[in-house]
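Enquirer: Order-wise, the sequence lines are chains A and B.
Oh and the first sequence: position 320 is 320 in the working numbering, straight run, nothing missing.
Just add 325 to wherever you are in the second sequence, counting from 1, and you've got the working numbering.
What the hints contain is simulated information worked out from the structure, not anything from laboratory work.
Check the hints yourself; a few may be wrong.
[Stated by the list, open to error] Far from chain A, some chain B residues (derived; all Cβ distances over 10 Å): (1) Gly354; (2) Glu393; (3) Arg398; (4) Glu401; (5) Phe427.
[Stated by the list, open to error] Distance windows between CB atoms, simulated: (6) B:Arg352 - A:His62: 49 to 57 Å; (7) B:Gly368 - A:Leu13: 36 to 44 Å; (8) A:Lys193 - B:Gly368: 50 to 58 Å; (9) A:Gly165 - B:Ile413: 23 to 31 Å.
Where is the CB? At the ideal position from N, CA and C, for every residue including glycine.
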Amino acid sequence: MLDAVAMAGSNLLSPMVLFFVLGFLAAMARSDLSIPEPIAKAISLYLMLAIGFKGGASLASHGVDATMIGVAAAGIAMSFLLPMLAFILARGLARLSPIDAAAVAAHYGSISIVTFVSASEFLRMLGVSFEGYMVAVMALMETPAIISGLWLARRYLQRPDSGRGQVLHEVFLNGSVVLLTGAFIIGAVSGTKGMTTVAPFIDAPFKGVLCFFLLDMGLIAANRLRGTRAISPGLAAFGILMPLIGGAIGVLIGSVMGLSPGGTALFGVLSASASYIAVPAAMRLALPEANPAVYLTVSLAITFPFNLTVGIPLYLAAARWITGA
Amino acid sequence: MQTHTRKKLEIIVDSPLVPRVTALIDRIGATGYTLFQSIGGRGAEGDWREDQLTGAQQKILIKVIAGEETANRLLENLSGELERYSCIIYVSTVEVIRAGKF
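With the rest of the complex left out, here is chain B (with noise of 0.2 Å):
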């Protein structure tokens, strides 16, 4: 089957700050997204799980298929803007079936 070349970006970030990225999402220009919740982990300040009260600290994922050009974009974006959030951001190389689509 025909597939084409495209780039998944994943970030996970705390939950408040959520509305921030999928606004810059949207400014860059690419086609959707998908969030999914998490339900708990460990980073560098220690464990956490989906037990709070506020979500000040529930993690998200959200996860963005683009083309290079719109990816790139995002990236640098994501690393200027949201250096400071503490959130986790990795890319990989996806082959999608709808070019049309992303």
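Here chain A stands alone, though its shape is the one from the complex (with noise of 0.2 Å):
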């Protein structure tokens, strides 16, 4: 238990979070703190590259074994159903409309990259080892629910589907999608020897870069926070609690799974994550009479803040316990 806080205190006082923290707070103090969209949209990408490579040189150094299969499968599985829940979730505690709480579910089945990779560093920070291709798990994990989160509100929705190709197009070749896997199969081709020649580029400032692109979602989730009329109390219990639940789903799986602890821990960070990147767009493109104020502002500014924050150590508290580490 002692252990426990020690491990939340040691995150909150990580500079990532006081940097998100110090984005947070300049925003609400209408501070004229901002960054411009185009240089975080390239840190953006930057991480999806970074994370995605040395999850793939992770793996050549590995190699590939039969849990890797079963985490995988089970990865999909989650990113299916776990909007099934949501949005039953959705409709209950937050009482959202049937084609809102279906976006919202897409965006809950569907993971956070950022989420992701703060816990990667988190664990890192503690000296607590993981699997490295837990990253192919996320890029895996990355759209399934868009087709969940589609075919829950398609039973609602008083017209016939209209362009479906273009909507498949956004799912498998949406930019995040595409760089992430494609730079996870780089790594894991080029391998050890790879990782060595861009390791200045890809190792070296990754942590800075991360602490950086926490400001700007500070930034952003606390305008979000400030300028909407979409969260009601019951949208903000619900940013809370589906996040607890896919969480503990997500580190007994895992543990089921026969990961690591801190293997464990990420399986939980991603079922408890939600999208903010790749899956409002395709929301936007399928789901337009969905309201995008309400899932992006309980995605990225209840959810996200939570999870930096409070969840990360908190799955990795579970995912301790349950594996008796």
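Join the two chains into one complex using the hints; note that each chain is given alone, in its own frame.
Expert: Structure representation (structure tokens):
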């Protein structure tokens, strides 16, 4: 117990979280601090490239095993099924319309890359090792939820499906999916030797760049929260309860699959986190009836800060407890 | 100087939906269109500004200049197909200099 509290404390005092808090407070105080959008986009691309490559290189040095295949399959299943649970909770607790609930549900089945990256940096900081292929599991979990969300919404739509080809294109060729998967493959092909070659770009500046990005995330989250009229107490409760439920299921499944404590914690993080890059764009295209202010605000301004500050150490504590480490 | 009367349609729509609108403009047979980025504003759902990583709520302004008949056809199709996209459409009458261009 004391250990878990100490862990939570060291997470809150990590430079990543502190920069997020700085951004959040600055925007809340209406400071004119802002990061130009093209730079924020470039940084997010850098993070995907680096995390994808690192995961691939780690796979190359450790090889493929049965656990990895099992975890990948479990990840895809989670991404398909979590939206069902999220839909029920969003309808019951947050009292959302069926269409809004379906759009929100798709976000919670999918994953947040920055939450995952922050969690893996937190594990590194504590010296907890984890399976490198979790990055590949993350890439696999990004899109199935979109299909589930659209399936949930379809029963309530008063129109024929339109532009399905365009939606599938968005789902599978979304920039984040392409870069993450592509960098993972490049990392896996080039292996440790490749990693040594690009380490000065991919490894050394990674943490600093992540701090910079989290500063921007803090600004974005607070601006969202300040300007919105979309948040109700029920929706806020959903934004905290849903990651806790998803995280608990994820930690349970991760330990059953035989992942290490670190890997189990990351599987919990993946199940707990909600997308705010790939899914919103897909939902805007495929489900224009759903209110984007609702799903962007709950995912970006409630769930992300919660996971970053409280969720990550909590999932690690749960993973340690359940795996007996 | 001799000028010619045309219609100008301005459509404000979220960026993921732009390809659908431009495809429609092409289908209706308007000569062309221009896209403009926006930086922020306020609407029925509250304030927004273009710092969203997703671009899901980035508003794009599409300007189309066309003859009255083409403009009306475009308007009919837009209000039919794009009603649910919460986009903003308005029309004005403009004078153009080169009639053959529009």
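Enquirer: For each hint given before, does the structure comply? Return the numbers of the non-compliant ones in rising order.
Expert: Those not satisfied: there are none.
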